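Novice: Here is how the chains run, residue by residue.
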Amino acid sequence: MTFPVLEGKVAIVTGSAMGMGLATAKLFAAAKAKVIVADFNEEKGKEAVTEIEANGGTAHFIKVDISNSDQVQSMIAETVEKYGHLDVAVNNAALTPDNAPAAEFDEAYWDKLISIDLTGTALCMKYELQQMIKQGNGGSIVNISSVSGFRPQPNNIAYVAAKHGVVGMTKVAAMENGDKNIRVNSVAPGAIDTPMLRGSLEETGQTEEEFAPQLSLLGRFGQPEEIAEASLWLASDQSSYVTGTVIHADAGYTSR
Amino acid sequence: MHNRFDGKVVLITGAGSGLGQASALQIAKEGARLSLVDLNTASLEETKNKVLESVPKADVLLTTADVSDEKAVENYVNQTVQQFGAVDAFFNNAGIEGKQNLTEDFGIEEFQKVINVNLNGIFYGMKHVLKVMKKQGSGSIVNTASVGGIRGVGNQSGYAASKHGVAGLTKNSGIEYGQYGISIKAIAPGAIMTPMVEGSLKQMDPDNWEEAGKEFVKPNPMKRFGKPEEVGYLVAFLLSDQANFINATIIPIDGGQANKY
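Quick note, the sequences are listed as chains A and B, same order. For the first sequence, my numbering gives the first residue as 1, with consecutive numbering after it. For the second sequence, my numbering gives the first residue as 1, with consecutive numbering after it.
Please keep in mind that the hints were generated in silico from the structure rather than gathered at the bench. Some clues are possibly wrong.
[To be verified] Residues of chain B placed beyond 12 Å of chain A at every Cβ, according to the derived structure:
1. Val60
2. His128
3. Asn172
[Stated by the list, open to error] Computed Cβ-Cβ distance ranges for the label pairs, DEER-style:
4. A:Pro213 to B:Glu45: 46 to 54 Å
5. B:Gly168 to A:Gly168: 22 to 30 Å
6. B:Asp105 to A:Asp179: 31 to 39 Å
7. B:Gln203 to A:Ser74: 38 to 46 Å
8. A:Asn99 to B:Glu176: 29 to 37 Å
9. B:Gly168 to A:Asn99: 55 to 63 Å
10. B:Gln203 to A:Lys126: 39 to 47 Å
Only a predicted model underlies this, so the values are computations on that prediction, with no experimental measurement involved. Even glycine gets a Cβ: it sits at the ideal position worked out from N, Cα and C.
With the sequences and hints as input, model every part of the structure.
Specialist: Structure, rendered in structure tokens:
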């Protein structure tokens, strides 16, 4: 039995067609939330909804490019139209890290990545906050950062900049909205076994056996479900006094 | 009914009041066998009674111990293993606040007293529990640090040094023991209304401590004190298998206050 429960709550999970977002949408549905699967990838997003419904959960797909303010606003409006309110949001959608040194980064890719990972996260948070403030009965927002929000990764300048930014914006929004009982926190995953990580491995030609011990003190990659558990806890009423906090779910990577 | 601790052995120090007691109550509801430790025997009995009120069949061992005495720490760990055969999870929590004073007036004896309980006590606890967990090849530990262990608060030389020390030990030992399947984390509670915080407020203003409390949480983003049970929820999450990938890190539970100092 899934615990804690999100019964009666409506949750948006962005980037939930694959990886950590998908694991989060599935876990939240198992925890009895009504889940908005929000993603750019319509095919995989709809597959996620089908899977959730097959397991007895409630979910609805919304196609969104989070770098587009109009689309983000429409996502919130459609959520409220569909399920009546918005209580929880996990802002997880992000573009794959860049792969070039600081002296040579691709400026077009920088713009694209920043527009999604940084600006897109801020836009989602902005309109989620507006909806939660309007409802007047609190809420919980979880922004997915990364170990790259705390430590430099060579050749990932745009991703590292964006994820540091996600940590900062989380704390600002937490400071501003605590008195409205809207909590804003972050989960900073380490090496999690996702399509994004597998893609990076392929690109650099490393194996899991070489790579995992460098990034994880447990000597293994984390599972997407382990990140989903941290987001679930922060999304739930169990974390009612936690705001402006980052949960580092990285097996100890950022403490070295 | 959820039961993340079904059959698990959970050891809690400082279990007679405040965060330790609240955590014991939460974890007992989820099926744990509890080994509870406190300096104060009467308060331990009180916690046991509260546990049995909500979980009549709970299996509870009580051990009176001064955590600043290593022999006493070794004894409470041995008692737990003798009784239950394992230590699956450890809330290494016992602590004191110390008398508030400027650094120059803090006093060497007072400083050492606070360090002995809050820092040495945590170290002894980890030393003896980690031996058991390493043999088991599994376990989780939550140490109690504080917002005063990640930020400067003022007038708390001993408390600040000891709680920063707890945060440091947590990172150090977490890095050492991850390879054995053991995760070690710390919590950093802020303004939680426990008997200890009540004591601090009474030091600040003995006659109007409740007013002093209201002033104290004015800058807090959530504008209120936290409740011990809210910390109990966090401790239960961190000690459970849901948090196995969270290691060597400190998690504030403070209504956002650590960002305001």
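Novice: Hint by hint, say whether it matches the structure.
Specialist: Status of the hints after comparison with the structure:
1. No beta-carbon of chain A comes within 12 Å of the beta-carbon of valine 60 (chain B); the shortest separation is about 23 Å.
2. Non-interface call for histidine 128 (chain B) relative to chain A: holds, since the shortest CB-CB distance, roughly 22 Å, exceeds 12 Å.
3. Listed as a non-interface residue, asparagine 172 (chain B) fails to keep its Cβ farther than 12 Å from every Cβ of chain A; the least gap is roughly 9 Å.
4. The hinted window of 46 to 54 Å between proline 213 (chain A) and glutamate 45 (chain B) holds, with their beta carbons roughly 48 Å apart.
5. Range check, glycine 168 (chain B) to glycine 168 (chain A): Cβ separation about 25 Å, and the 22 to 30 Å hint holds.
6. Between aspartate 105 (chain B) and aspartate 179 (chain A) the Cβ separation comes to about 36 Å, which falls inside the hinted range of 31 to 39 Å.
7. Between glutamine 203 (chain B) and serine 74 (chain A) the CB atoms are about 55 Å apart, so this pair departs from the stated range of 38 to 46 Å.
8. Taking 29 to 37 Å as the suggested C-beta distance range, the pair asparagine 99 (chain A) and glutamate 176 (chain B) conforms, at roughly 33 Å.
9. The hinted range of 55 to 63 Å is not satisfied by glycine 168 (chain B) and asparagine 99 (chain A), whose Cβ atoms lie roughly 35 Å apart.
10. For the pair glutamine 203 (chain B) and lysine 126 (chain A), the beta carbons lie near 43 Å from each other, so the given range of 39 to 47 Å is met.
Checked against the numbered hints above, the structure violates hints 3, 7 and 9; every other hint is satisfied.
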